[in-house]
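Student: Next come the chains, spelled out residue by residue.
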Amino acid sequence: MAELRVEGLVHVYDGGVRALDGVDLAIAAGERVALIGQNGSGKTTLVRHLNGLLRPTQGRVTVDGADASSLTVAQLASRVGLVFQDPDRQIFAGTVRAEVEFGPRNLGRSGSALRAAVSEALEAAGLAGDEGTNPYDLGQSRRKLLALASVLAMRTPVLVLDEPTTGQDARGTERVRAIVEAVAGEGRTVVAISHDMRFVAETFDRVVVMRAGRLILDGTPNSVFAADVWDALRSTYLEPPLAAVLGDRLGVGSTPTDASLIERLRAG
Amino acid sequence: MAEGDRLTGSPTEVRGVPDFVGRPGPSAYHRLNPLTKATSATVTAIAAVAIGGLVGPIVLVTLAVIGPALAAGVLGRLVRTALLLALPIAISAFLVNLFFFPGAEQVLLRIGPITATAEGLGFALEILVRILAISGAVTLFYLTTRPADLTVDLERRGVSPRVAFVANASVQTVPAMVERAGQITAAQRARGLDTEGSVWRRVRGVVPIVGPVILGAIAEVEERTMALEARGFTRPGRRTLLWAPPDSSAQALFRWALLLGLVALIAARIAGWPS
Amino acid sequence: MAVLTISLAGVGYRYAGATGPALLDVDLELAEGEVLGLVGASEAGKTTLCLVVSGLAPRTVGGQIRGRITLDGEDVDAWPMHRLSQRIGTGFQNPATQLSQVTSSVFEEVAFGPMNLALPRDEVVARTWTALESLRIDDLADRDPQRLSGGQQQLVALAGLLAMRPGHLVLDEPTAQLDPAGTRLVGDAIERLAADGASILVAEQKTDLLAAICSRVAVIDAGRVALVGPAADVLADPRLADFGVTEPSPVRLGRAAESAGIADARLTEALARG
Amino acid sequence: MVVRWIAALAAFIIVILIGMVTIGNFGTGVDPENFFDTEGADSFALIGAIALVFAFVVYAAVEYAQTGGLASIASQFDTRTIVLMPIAVAINIILGATVANALKLPIYLDSIGTILVGALAGPVAGALTGFLSNTLWTYVVPPPFQNGPAAAFGIVAVVIGVLAGLAGRAGWLRPRPNRPIGELAVGGLIAVAIVVGLGVYAYTRFYVETFEFVNPDNTDPIFTILGWLIGLIFAAFVLGFLWLLFVRRDLTVAYVTVVGVVTGLIAALISAPISANVFGGVTGGGTDFLVAAFRQAGADLQTATFQQGLLSDPVDKLVTFFVVYLVLAAMARRTKARFPQGERLLEDAGPADADDGEWRRATA
Numbered sequence: 152m153a154e155l156r157v158e159g160l161v162h163v164y165d166g167g168v169r170a171l172d173g174v175d176l177a178i179a180a181g182e183r184v185a186l187i188g189q190n191g192s193g194k195t196t197l198v199r200h201l202n203g204l205l206r207p208t209q210g211r212v213t214v215d216g217a218d219a220s221s222l223t224v225a226q227l228a229s230r231v232g233l234v235f236q237d238p239d240r241q242i243f244a245g246t247v248r249a250e251v252e253f254g255p256r257n258l259g260r261s262g263s264a265l266r267a268a269v270s271e272a273l274e275a276a277g278l279a280g281d282e283g284t285n286p287y288d289l290g291q292s293r294r295k296l297l298a299l300a301s302v303l304a305m306r307t308p309v310l311v312l313d314e315p316t317t318g319q320d321a322r323g324t325e326r327v328r329a330i331v332e333a334v335a336g337e338g339r340t341v342v343a344i345s346h347d348m349r350f351v352a353e354t355f356d357r358v359v360v361m362r363a364g365r366l367i368l369d370g371t372p373n374s375v376f377a378a379d380v381w382d383a384l385r386s387t388y389l390e391p392p393l394a395a396v397l398g399d400r401l402g403v404g405s406t407p408t409d410a411s412l413i414e415r416l417r418a419g
Numbered sequence: 437m438a439e440g441d442r443l444t445g446s447p448t449e450v451r452g453v454p455d456f457v458g459r460p461g462p463s464a465y466h467r468l469n470p471l472t473k474a475t476s477a478t479v480t481a482i483a484a485v486a487i488g489g490l491v492g493p494i495v496l497v498t499l500a501v502i503g504p505a506l507a508a509g510v511l512g513r514l515v516r517t518a519l520l521l522a523l524p525i526a527i528s529a530f531l532v533n534l535f536f537f538p539g540a541e542q543v544l545l546r547i548g549p550i551t552a553t554a555e556g557l558g559f560a561l562e563i564l565v566r567i568l569a570i571s572g573a574v575t576l577f578y579l580t581t582r583p584a585d586l587t588v589d590l591e592r593r594g595v596s597p598r599v600a601f602v603a604n605a606s607v608q609t610v611p612a613m614v615e616r617a618g619q620i621t622a623a624q625r626a627r628g629l630d631t632e633g634s635v636w637r638r639v640r641g642v643v644p645i646v647g648p649v650i651l652g653a654i655a656e657v658e659e660r661t662m663a664l665e666a667r668g669f670t671r672p673g674r675r676t677l678l679w680a681p682p683d684s685s686a687q688a689l690f691r692w693a694l695l696l697g698l699v700a701l702i703a704a705r706i707a708g709w710p711s
Numbered sequence: 007m008a009v010l011t012i013s014l015a016g017v018g019y020r021y022a023g024a025t026g027p028a029l030l031d032v033d034l035e036l037a038e039g040e041v042l043g044l045v046g047a048s049e050a051g052k053t054t055l056c057l058v059v060s061g062l063a064p065r066t067v068g069g070q071i072r073g074r075i076t077l078d079g080e081d082v083d084a085w086p087m088h089r090l091s092q093r094i095g096t097g098f099q100n101p102a103t104q105l106s107q108v109t110s111s112v113f114e115e116v117a118f119g120p121m122n123l124a125l126p127r128d129e130v131v132a133r134t135w136t137a138l139e140s141l142r143i144d145d146l147a148d149r150d151p152q153r154l155s156g157g158q159q160q161l162v163a164l165a166g167l168l169a170m171r172p173g174h175l176v177l178d179e180p181t182a183q184l185d186p187a188g189t190r191l192v193g194d195a196i197e198r199l200a201a202d203g204a205s206i207l208v209a210e211q212k213t214d215l216l217a218a219i220c221s222r223v224a225v226i227d228a229g230r231v232a233l234v235g236p237a238a239d240v241l242a243d244p245r246l247a248d249f250g251v252t253e254p255s256p257v258r259l260g261r262a263a264e265s266a267g268i269a270d271a272r273l274t275e276a277l278a279r280g
Numbered sequence: 011m012v013v014r015w016i017a018a019l020a021a022f023i024i025v026i027l028i029g030m031v032t033i034g035n036f037g038t039g040v041d042p043e044n045f046f047d048t049e050g051a052d053s054f055a056l057i058g059a060i061a062l063v064f065a066f067v068v069y070a071a072v073e074y075a076q077t078g079g080l081a082s083i084a085s086q087f088d089t090r091t092i093v094l095m096p097i098a099v100a101i102n103i104i105l106g107a108t109v110a111n112a113l114k115l116p117i118y119l120d121s122i123g124t125i126l127v128g129a130l131a132g133p134v135a136g137a138l139t140g141f142l143s144n145t146l147w148t149y150v151v152p153p154p155f156q157n158g159p160a161a162a163f164g165i166v167a168v169v170i171g172v173l174a175g176l177a178g179r180a181g182w183l184r185p186r187p188n189r190p191i192g193e194l195a196v197g198g199l200i201a202v203a204i205v206v207g208l209g210v211y212a213y214t215r216f217y218v219e220t221f222e223f224v225n226p227d228n229t230d231p232i233f234t235i236l237g238w239l240i241g242l243i244f245a246a247f248v249l250g251f252l253w254l255l256f257v258r259r260d261l262t263v264a265y266v267t268v269v270g271v272v273t274g275l276i277a278a279l280i281s282a283p284i285s286a287n288v289f290g291g292v293t294g295g296g297t298d299f300l301v302a303a304f305r306q307a308g309a310d311l312q313t314a315t316f317q318q319g320l321l322s323d324p325v326d327k328l329v330t331f332f333v334v335y336l337v338l339a340a341m342a343r344r345t346k347a348r349f350p351q352g353e354r355l356l357e358d359a360g361p362a363d364a365d366d367g368e369w370r371r372a373t374a
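Residue numbers (the numbering used here), protein chains in the order written: chain Z, 152 to 419; chain X, 437 to 711; chain D, 7 to 280; chain R, 11 to 374.
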């Protein structure tokens with residue numbers, strides 16, 4: 152049964168902007184879904200409905216079968232963890248460890264379970280050695296990993312990331328990828344908004360493309376980055392990864408990742 | 437290319453200052469010099485306090501606030517905004533003075549231990565009219581003057597560009613910070629902070645929300661400082677201004693007349709005139 | 007002989023109250039009309055190097071410096087920031103913090119720098135239109151700077167620097183916080199400036215962008231210049247990954263094909279064409 | 011240099027003398043004879059504040075005449091301080107408006123920004139932040155944040171900024187963590203002594219005649235209860251903060267408590283005459299109920315506003331100084347150190363990086 156289901160979702164902001172124009176989407180437990188599309192296509196508006204921060208103008212959102220409108224944001228926060236793009240919009244604690252403990256404490260967790268979850272999250276974000284540091288003494292990229300760790304520690308069944316790799320270097324992006332793999336490995340669902348096509352193609356098994364508040368493509372990286380839909384991608388300002396372009400040019404079919412291109416060339 | 441012109445070629449055709457910079461206001465009153473409007477607002481407010489009583493402030497308001505507002509075509513908005521501004525104070529002032537005026541004998545109404553007295557009512561009305569006069573004068577200025585116009589006018593008159601910078605930047609920072617507080621509240625609620633629960637839970641939410649508002653803004657100070665200094669902000673002395681609001685000797689005379697009138701009024705009041 | 011414009015000799019820098027130096031023995035030259043790319047892992051020292059070249063470190067940021075920095079052969083140590091900012095323009099990663107927050111139109115925002123220099127009004131206006139036209143954003147002149155996209159705001163900030171008529175530009179990760187449309191907008195603008203002969207020092211994580219615009223690239227690792235040379239050579243250097251830098255996509259793909267033993271002429275030809 | 015200080019001092023004294031003579035009978039009910047009585051006391055503080063501003067203006071004018079510039083003042087206004095001030099103004103206005111309009115709490119919480127700038131950049135920067143906050147809050151900020159009375163209290167904000175600047179400069183806001191129990195106890199006792207001393211003095215001077223805590227028959231019983239309640243809240247706040255002294259083992263909490271209460275008292279002294287004579291003792295916030303209570307207890311308008319001020323202002327400034335102390339503690343060390351008075355707010359001043367060998371600071 153789908154973990155997250157969105158039916159006929161419409162959202163009109165009070166200024167009259169129709170950010171979502173009838174979205175239907177079902178995400179099963181353990182799936183890894185990337186949400187891509189130009190800024191203003193409705194990606195952030197959609198994910199904010201998953202944890203109740205935004206309520207539908209029309210349509211329905213269900214989490215674990217329960218209608219989200221019947222749950223408060225605090226209740227939904229135990230099911231859907233959302234990591235915001237700008238870490239400076241949430242950091243307030245004096246130390247790295249206190250910042251990561253904030254989420255789990257709000258969910259009522261304490262004692263050894265809390266300590267274990269926090270240490271594990273810090274380890275995954277590469278901040279294990281910085282527990283006592285003042286978050287604002289960390290650089291911008293590590294503060295972003297701290298924000299990720301602070302939601303990771305809540306161990307929510309669904310984890311939503313808003314542009315996790317923006318402003319990260321190679322090692323930071325690798326760490327984010329490893330976290331997505333680990334979380335999905337435990338059977339938890341991961342949804343991520345991203346503009347990094349290589350990160351999307353290599354890390355997610357399903358890609359949903361949005362434009363002007365609607366879904367225009369939904370499928371595996373192979374299908375979404377295949378040559379026949381490139382004009383749809385470009386209509387929402389997206390460029391296919393280089394590997395896909397070369398795969399098409401060399402006539403070896405849809406090759407969204409380096410590995411898939413190499414494998415097709417070796418077989419060909 | 438000549439040294440210093442490396443990055444930008446010569447302009448195609450000479451274009452002057454665009455018209456939207458320093459666009460004049462819709463009415464004659466709008467187009468008055470900002471300092472004139474600021475002086476009249478301040479003098480009206482202080483005079484309302486100094487005159488006291490009931491009739492004085494009402495006459496003052498009609499002359500110095502209602503009249504100009506009509507001329508400037510902002511009377512409707514003025515009344516609404518001024519009332520919104522004055523309402524919280526006016527209600528408290530009226531109730532407090534009506535019921536708690538000490539040493540009053542003429543009891544109008546008695547509700548249990550609390551008594552409404554005639555003297556209390558008189559004083560309450562006085563305070564009410566005074567508060568309306570002050571908020572009317574201030575709102576008239578607010579509705580007819582862009583803040584940047586006043587600061588550029590003061591800068592032309594010699595006020596330090598740094599003080600003008602702080603005033604202008606504050607006007608843009610308040611709405612930006614309110615928006616930031618909204619985003620922060622969303623981020624903390626996404627981490628399970630319950631802002632809909634009991635009062636105690638909401639009080640617990642103050643630090644996780646107020647903290648990032650302040651610390652997030654302070655974290656940006658460093659980069660803003662560098663960006664400003666990279667654009668010559670540390671150069672001492674006056675800077676060039678693209679435009680300055682028109683002023684006239686008549687308005688200058690009017691401003692001084694207002695100030696002198698105010699001083700005379702206060703001196704008279706202190707000397708005990710007319711009571 | 008290329009005119010040596012900015013040159014750093016044995017330059018080091020340490021932040022006030024910091025345990026160790028953030029930059030050590032940097033020797034670097036940015037010649038006339040050259041675009042030097044700067045790559046390296048986060049907190050390797052890219053930003054610090056940008057601040058040192060632009061003079062903001064130590065003037066604005068405090069801390070202590072050593073070694074010698076010269077501009078067209080002249081030692082700039084004694085120059086105040088407002089004089090240096092007319093020769094070196096500095097751009098930053100976050101578009102929003104580069105707006106002055108005291109203007110209500112893009113035109114006034116771009117004019118902010120020249121106004122601070124107390125130049126004659128006509129020259130301020132001329133420089134502002136020229137800067138807006140050179141980045142093709144003169145149609146945004148009347149817009150409110152706060153109500154623009156990230157990419158547009160970054161272009162307005164860049165125009166604000168150009169209006170100061172600097173000889174050099176130092177850009178610290180200009181596209182780091184932009185979406186693909188914004189990255190393309192700003193990337194194209196930098197490419198046009200480079201083509202017009204501007205000398206630019208640009209730090210970036212997106213090596214594909216650097217491959218398109220840089221003549222030389224330097225790799226920063228733990229506060230030192232670990233590698234510097236022609237862009238094509240440095241960006242194809244196998245040690246890039248050790249320095250925490252993602253290689254440009256064509257280089258990465260070419261190397262993956264090589265290690266898989268695929269010698270496909272069409273692939274190498276396609277990679278060359280990019 | 012000395013000439014400026016003499017001129018400023020002369021201006022200060024002259025303005026006070028003029029003030030005492032003219033404003034002695036401040037328009038409504040202040041008798042010149044009992045000048046040092048209740049009403050006279052608070053008018054005197056207001057005159058002192060106005061004199062302080064005049065002294066500053068004269069100081070600046072003389073410096074300008076001598077040097078054609080304001081270097082000694084301008085130095086407190088480096089770019090970093092100028093960038094921080096609008097943020098501080100916005101913090102004052104947004105938090106102040108939320109507390110006054112939305113929550114109706116009997117405190118103001120509208121000087122966090124003023125005290126923050128004062129502590130980090132000095133008295134003059136703090137004063138300017140306070141003045142601009144109150145002025146912009148009335149004239150320029152749109153509803154629902156706009157606050158009518160704020161501009162009239164500009165002088166109060168100026169004095170708060172100056173006091174915060176002096177506290178920062180004196181190093182009182184420097185963290186003093188992990189102090190032994192003995193030291194904490196001594197610090198705590200001194201703080202209690204000062205606060206209680208001021209409290210008793212204020213009570214005997216300004217409350218005894220009109221507000222009989224002890225025998226309820228003199229005034230309505232509800233107000234005696236209210237009086238005790240408010241007294242208890244005030245004591246609870248002070249003891250609560252002193253308890254924090256031992257919880258955080260940070261001696262500076264004692265300093266913050268004293269500075270907070272003293273600033274609150276001075277602010278009350280200055281704001282009372284303004285509130286009484288301009289707004290009839292009512293400013294729309296939660297404090298109006300206190301004024302009503304004291305009025306019902308028989309105090310005249312002047313005294314009632316003053317009695318209200320003596321309770322809410324010290325508590326408000328106590329809370330505000332503590333919030334600023336927490337913000338300073340949470341700020342990144344590197345950012346704090348770069349402000350004009352930043353060094354004095356660091357826990358350990360740390361080894362000054364000597365210009366040894368080739369390492370050198372900025373000369374320009």
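Treat the hints as calculated values from the structure; they're not laboratory data. Quick caveat, the model's predicted, so the values are computed rather than measured. Glycine included, every Cβ here is placed at the ideal spot set by N, Cα and C. Among the clues, some could well be false.
Partial list, derived from the structure: chain Z residues whose beta carbon lies under 10 Å from chain X [what the hints assert, rightly or not]:
no.: 1; residue: Val161
no.: 2; residue: Ile242
no.: 3; residue: Phe253
no.: 4; residue: Leu368
Student: Hints first: check each against the structure and report whether it holds.
Tutor: Hint by hint, here is what the structure shows:
For the restraint placing Val161 (chain Z) at the interface with chain X, the shortest Cβ-Cβ distance is roughly 20 Å, beyond the 10 Å limit, so the hint is violated. Interface hint at Ile242 (chain Z): satisfied, since its Cβ lies 6 Å from the closest Cβ of chain X, which is below the 10 Å cut-off. At a threshold of 10 Å, the smallest CB-CB gap from Phe253 (chain Z) to chain X is about 6 Å, leaving the interface hint in force. Look at Leu368 (chain Z): its Cβ only gets to about 27 Å from chain X, farther than 10 Å, so that hint breaks.
Hint check: violations occur at hints 1, 4; the rest are consistent with the structure.
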